[in-house]
Amino acid sequence: MVVNNIEAIDLEAARAVAINVCDPELPFLTLGDLGILRSVELHNNTVIAKVSPTYSGCPALDVIEKSVRDALTQAGFNARVERIMTPPWTTDWITAEGRRKLEANGIAPPGKTQTDKNILFAKTAVSCPQCKSENTIKISEFGSTPCKAQYQCNDCSEPFDYFKCH
Amino acid sequence: MPANTEQLIEVVVQIADDHLILGHRLSEWCGHAPMLEEDLSMPNMALDLVGQSRALYSYAAQLESKGHSEDDFAYLRKDREYTNCLLVERPNTDFAHTMLKQFYFAAFMHPFWQGVKNGTDNTLSGIAGKAEKEIGYHIRHAGEWIVRLGDGTDESAERMNDAIEALHPYTGELLEVDEARQSCIVSGAIPEIAPIQTQWNATINNVFTQAKLTVPEIDYPQQGGRAGNHTEDFGFLLTELQYMQRTYPGAQW
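So the protein lines, in turn, are chains A and B.
Just so you know, we're using the numbering used here here: the first sequence kicks off at 1 and counts up by one.
Just so you know, we're using the numbering used here here: the second sequence kicks off at 1 and counts up by one.
The following block holds chain A by itself, in its conformation from the complex:
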């Protein structure tokens, strides 16, 4: 029983460490905010953190996995990170807190539904993170990282990133 208690406490501590690791490209977001930490388990004295990639080619992926391993090792755990593909990560897993932080940092949070890929020139309603106007225009479907598109606000003229619905 005593052993089980210690394990439970350890697991809670390990989870707290892993979930608070920050994304290297959006450093104001934790893995918990992004919803990419799928689980933290303890097997034979080794902590196994399971992480889902956001995009297949996201260069941050390797850095994130290394950061989680390093953070857990630094906290005194034997740690391993596993990549989980199924079910695929979706922007619906970004928490309310994550969405708030995105907007506070000038990035419009993702919409709730994906637009049909066969409809060309479709418009996605995106609010300006600065002045909240919905009178915005898409500049490019692709931006500085795979997860973002570029928009501009027609009212306050601010160019901004939009976190794509995925």
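Note that these hints are calculated values from the structure, not bench results.
Treat each hint with caution, since some may be false.
[To be verified] Cross-link-like lysine-lysine pairs, in silico, DSS-like; alpha carbons within 30 Å at most:
#1 A/LYS66 x B/LYS66
#2 A/LYS66 x B/LYS117
#3 A/LYS50 x A/LYS101
#4 A/LYS117 x B/LYS117
#5 B/LYS78 x B/LYS66
#6 A/LYS101 x A/LYS117
#7 A/LYS138 x A/LYS123
#8 B/LYS66 x B/LYS117
#9 B/LYS117 x A/LYS112
#10 A/LYS123 x A/LYS101
#11 B/LYS66 x A/LYS138
#12 A/LYS66 x A/LYS50
#13 A/LYS50 x B/LYS117
#14 A/LYS66 x A/LYS123
#15 A/LYS112 x A/LYS132
#16 B/LYS66 x A/LYS50
#17 B/LYS117 x A/LYS123
#18 A/LYS112 x A/LYS123
#19 A/LYS117 x A/LYS132
#20 B/LYS212 x A/LYS123
#21 A/LYS101 x A/LYS112
#22 A/LYS132 x A/LYS101
#23 A/LYS117 x A/LYS138
#24 A/LYS138 x A/LYS112
#25 A/LYS138 x A/LYS101
#26 A/LYS117 x B/LYS212
#27 A/LYS132 x A/LYS50
Computed from a predicted model, the values in this text were never measured in an experiment.
We have chain A already, so just place chain B on it with the hints.
Just chain B now, kept in the frame of chain A:
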């Protein structure tokens, strides 16, 4: 080793090669695109494709269990050992060629990944779940350019038509089913081809109609990539792709 593992590896490598080579072709535009937004979008899409190829090569290496890594597949094979379809290795030429090549490929991969996602192979299904969403952006991005150019100026329409004439003969290979693919269709890892062909035709027709372009009849279909018979341009591509690993064997970063 289950009965059709060899065929599964063959198909996984075919798909991985398609993605790596098309991704590499797109990456050649980095710094050369006609406008800044496109200079961002093409490397972004290249990243999707190369990322997908990494996952596929890693899976092939795992199935093969000979101690190879994704890098051995990507960098250390000879030209005849690559089994990508010829379409993806065609030179970028001008922007119209590049967008059309992307469009033909994405219009095939989108329904293909949807089928794989619901298929019997769990690892492929996971890769497909991500890739399906990513390739959706590629269809729309390229499709919009085809409409802009096809229904644009006389000059842009002429270039779009040149691209169709040059590339359409290569599209048949995308839909080809060889023995290895047939085995994977039977095991349920990849989908039946007929519904994919129907969707591919519908996607092409839809965009070509909006772009005021015509789907041509093919007199001489081009194929051979799946058997390792590549076009002359492929050697030049591979020389650049493999340069680092050939010059500094085992280099990592």
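Problem - Pair hint outcome, B/LYS66 versus A/LYS50 [Cα-Cα no greater than 30 Å] - result: holds (26 Å)
Handout entry: Given pair status - A/LYS50, A/LYS132, alpha carbons within 30 Å
Key = violated (36 Å)
Exercise for the section: For the pair supplied as a hint, A/LYS66 and B/LYS66, confirm whether the alpha-carbon distance does not exceed 30 Å. Expected result: holds (26 Å)
Handout entry: Given hint A/LYS101 paired with A/LYS123 - CA-CA distance at most 30 Å
Key = Given that 30 Å is the threshold and the Cα spacing comes to 25 Å, the pair holds.
Handout entry: Agreement of B/LYS117 and A/LYS112 with the hint, judged by alpha carbon distance not exceeding 30 Å
Key = holds (22 Å)
Exercise for the section: Starting from A/LYS50, check that the Cα of B/LYS117 is at most 30 Å away, please. Expected result: holds (21 Å)
Problem - Pair hint A/LYS117 and A/LYS138, alpha-carbon separation not exceeding 30 Å - result: Roughly 16 Å between the alpha carbons, so the hint for A/LYS117 and A/LYS138 holds.
Problem - 30 Å limit on alpha-carbon distance, applied to hinted pair B/LYS66 and A/LYS138 - result: At roughly 48 Å apart (the allowed maximum being 30 Å), A/LYS138 and B/LYS66 break the hint.
Handout entry: Pair hint outcome, B/LYS66 versus B/LYS117 [Cα-Cα no greater than 30 Å]
Key = holds (27 Å)
Problem - Pairwise hint evaluation, B/LYS117 against A/LYS117, where the allowed Cα distance is 30 Å at most - result: Distance of about 17 Å is within 30 Å: holds.
Handout entry: Holds or violated: A/LYS132 to A/LYS101, with C-alpha atoms at most 30 Å apart
Key = holds (15 Å)
Practice task
Decide if the proposed pair is consistent with the structure: A/LYS66 and A/LYS123, CA atoms, cutoff 30 Å inclusive.
Solution key: violated (38 Å)
When held up to the earlier numbered hints, the structure conflicts with 11, 14, 27 and fits the remainder.
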